[in-house]
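With these hints in hand, go ahead and build the complete structure from the sequences.
Quick mapping for you: the protein sequence lines, in order, are chains R and Z.
Reminder that position 174 of the first sequence reads as 174 in my numbering, one-by-one numbering, no gaps.
Reminder that position 274 of the second sequence reads as 1274 in my numbering, one-by-one numbering, no gaps.
Since the hints were derived computationally from the structure, they do not count as laboratory data.
Computed from a predicted structure; not experimentally measured.
Take these hints with a grain of salt, some might be off.
Stretch-level coverage of chain R by chain Z, calculated; a stretch enters the list once three of its residues show a Cβ under 8 Å from a Cβ in chain Z [what the hints assert, rightly or not]:
1. 26-36
2. 132-139
3. 193-199
Pair by pair, the computed Cβ-Cβ distance ranges are [to be verified]:
4. Z:S1192 - R:K230: 48 to 54 Å
5. Z:T1209 - R:D311: 28 to 34 Å
6. R:D401 - Z:T1141: 56 to 62 Å
From the three backbone atoms N, C-alpha and C, an ideal C-beta is built for every residue, glycine too.
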Amino acid sequence: MKKDEKKLKKANSSFREKEYRSYGNGYFGTFGGIYVPETLVSALKELEKNYFKYKKDKKFKEELSFYLKNYVGRPTPLYYAERLSKRLGGARIYLKREDLCHLGAHKINNTVGQVLLARKMGKKFIIAETGAGQHGVATAAAAALFNMNCKVFMGSKDIKRQSSNVYRMKLMGAEVIEVSSGSKTLKDAVNEAIRYWVSRVDDTYYVLGSVVGPHPYPTMVRDFQVIIGKETKKQIMDIEGRLPDYIVACVGGGSNSIGIFYPFLKNADFVKLIGVEAGGKGIKSKKHGATLGYGDKGIFQGAFSYVLQDDYGQIEEAYSIAAGLDYPGVGPEHAYLKEKGIVKYEYVLDSEALEAFKTLSICEGIIPAYETSHALAYVEKLAPSLGKDKVIIVNLSGRGDKDIGNK
Amino acid sequence: MYDSKGSPIDRVFKKLRKNNQKAFIPFITCGFPSLDGFFSLFETLDKNGADIIEVGIPFSDPLADGPVIQTTSKIALENGINTDIVFNSIIEIRKSSNTPIAIMTYFNTIYHYGTGRFLKKAKEAGVNGLIVPDLPLEEFTSYRSYFNRVNIDNIMFASLTSSKERLSAIAAQGRGFVYCVSLKGVTGIRNSINPEVIDFLKNLKGITTLPLALGFGISNREQINQIKSYCDGIIVGSKILTLILEADSFKQGIKEVENFTSSVSDILKVYKIPG
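Structure, rendered in structure tokens:
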């Protein structure tokens, strides 16, 4: 009987793997694509061609791993949170410490990769969008590192609520461009960055900060973040001698979560993968960022995915206490993983995330970002229901210094 | 399929070509500055020489548009405009005008309504063409069959950055006319013409027999005089909407649109001996 079960599991996972590999060229099932104005198509094709060329280039890979090690500070530790585990009284909880990356979040993994690529492509100018400012700061740093001119588009509302990140970007030589169109937040910063890019496609490289937007961004950004999952897999095997039972990560656009999930997708039959979205003030209040849970399929900012929208397809504003989860879209690969049932998507409320923010600070002396606190809040509910033989890994995507004094 | 005379948009260009004249194609946002204001604007354009009128269904996140059309879209949405109201407005217009209408909107508006249902309703309302700036060739292919079923011209974009192979494919897939983008950038008023445009249009002429209409950034007579002999039509949006946005009163704005429209269509309708 047990043997049969094993066989079935094996058959299932190899089927999934095969199906999973069958997508490519920018589509995840029917999700993804390049829903952009014609003027941008050639720039995206140029980017796609170069990315796939350099991805296999030995020298590029060496340079990237040099900077990931010596500049970003990789590998980041996989840390057993003993006091937190004991307090919750169930499963053993491990934290993948992306908060220990240079600048305090996983964002730098992607920006170092993309700016290095931009330099190889001979581009002179870097542009980026930012919401909370973490991606803007990480892009500004990479641009400074590789001596490139950098402009960061940021909504005027976010400029006000994340002033320390604005200061950091400027200090590293980036120009911060205030966006006062639409809701004056992340989605409008993306719109404005794309509009700017259309007018300077020849010499400008757009560093997108998450696994969203048109192809090749969702694939490329995921590839630059996959290092999180690769390290995790090796580390947990070294420590526990086996794969974890659960991996939990927060989902805004979805880059830290896909980064840690990806190497485990083929094990998804026995490693449960859980993405945690922003429940904000509750789903009924309509003030949330649970795009996968409560949005509909649609086209937003260059890709076919899930999106928060009204009855006529107008994009609705998202809401979350965590600026990084305050986005009405989500990466197309997540839409695919949801539809196939490979990853489960849950949500937690602002209030629960705030509790978890305090709990981790007190138990472990680690102050997590509000975004990350969503994943932790889910774990607080999950862990007590599991036995001590179970292992949960949380992607601790960023540190919370930016959130102190900001409610 | 269409009869040998082609679609209403084809017939406009055929007739103009015979007289060596060019099409004037203004763009306005449905529901801007109000629903009544939109009807007056449409009528003003229709009576003063517009050959085809582009009507925008407002979208919350218009990626290809500059500040003016962003503003008019926002105002229209605040006025409560939605896809059904746009279709009903066109039904109303069709009681008194046969001027071809092309709808401009972003693909999510269409997809969310249901692509088949959208095209059927558009056809029933009297829409003749559809312009979707975020549906390039790659993505259009999946939806092509819907267009064939309803005989609405899918008008495709050609850009200064499109490769020669793409331009051929765009010409093969598009109908009605080719929407030629005169600049690298978003819609909005510019004062001059990018010199690359002339070669771009000449090149396109060699690739397709579809009429070429030039849009984005066109706002004055000098630009139009400079470029008109290389294309079959001119699209003007932001300039017209700005005349309304900046006028002291709507009445004053309409008067300015009337003057602008008739002066532009005068240039385009002057008979000039070829060569």
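When you take the CB atoms of R:D401 and Z:T1141, is the distance between them in 56 to 62 Å?
-> At roughly 48 Å between Cβ atoms, Z:T1141 and R:D401 fall outside 56 to 62 Å, so the hint is violated.
Against chain Z, does the segment 193-199 of chain R show at least 3 residues with beta-carbon separation below 8 Å?
-> It holds: at least three residues are needed, and the segment 193-199 of chain R offers 4 whose Cβ sits within less than 8 Å of chain Z.
Given the range 28 to 34 Å, decide if the beta-carbon distance of Z:T1209 to R:D311 lies inside it.
-> Check failed, 41 Å falls outside 28 to 34 Å.
Per the coverage rule (Cβ-Cβ under 8 Å, at least three residues), is the segment 26-36 of chain R covered by chain Z?
-> Check passed, 4 qualifying residues.
For Z:S1192 and R:K230, compare the CB-CB distance with the range 48 to 54 Å and indicate the outcome.
-> holds, 52 Å
State whether the coverage of the segment 132-139 of chain R by chain Z holds or is violated, taking the criterion as 3 or more residues with Cβ-Cβ distances under 8 Å.
-> violated (count 0)
Violated hints, listed in ascending order, are 2, 5 and 6; each of the other numbered hints is respected by the structure.
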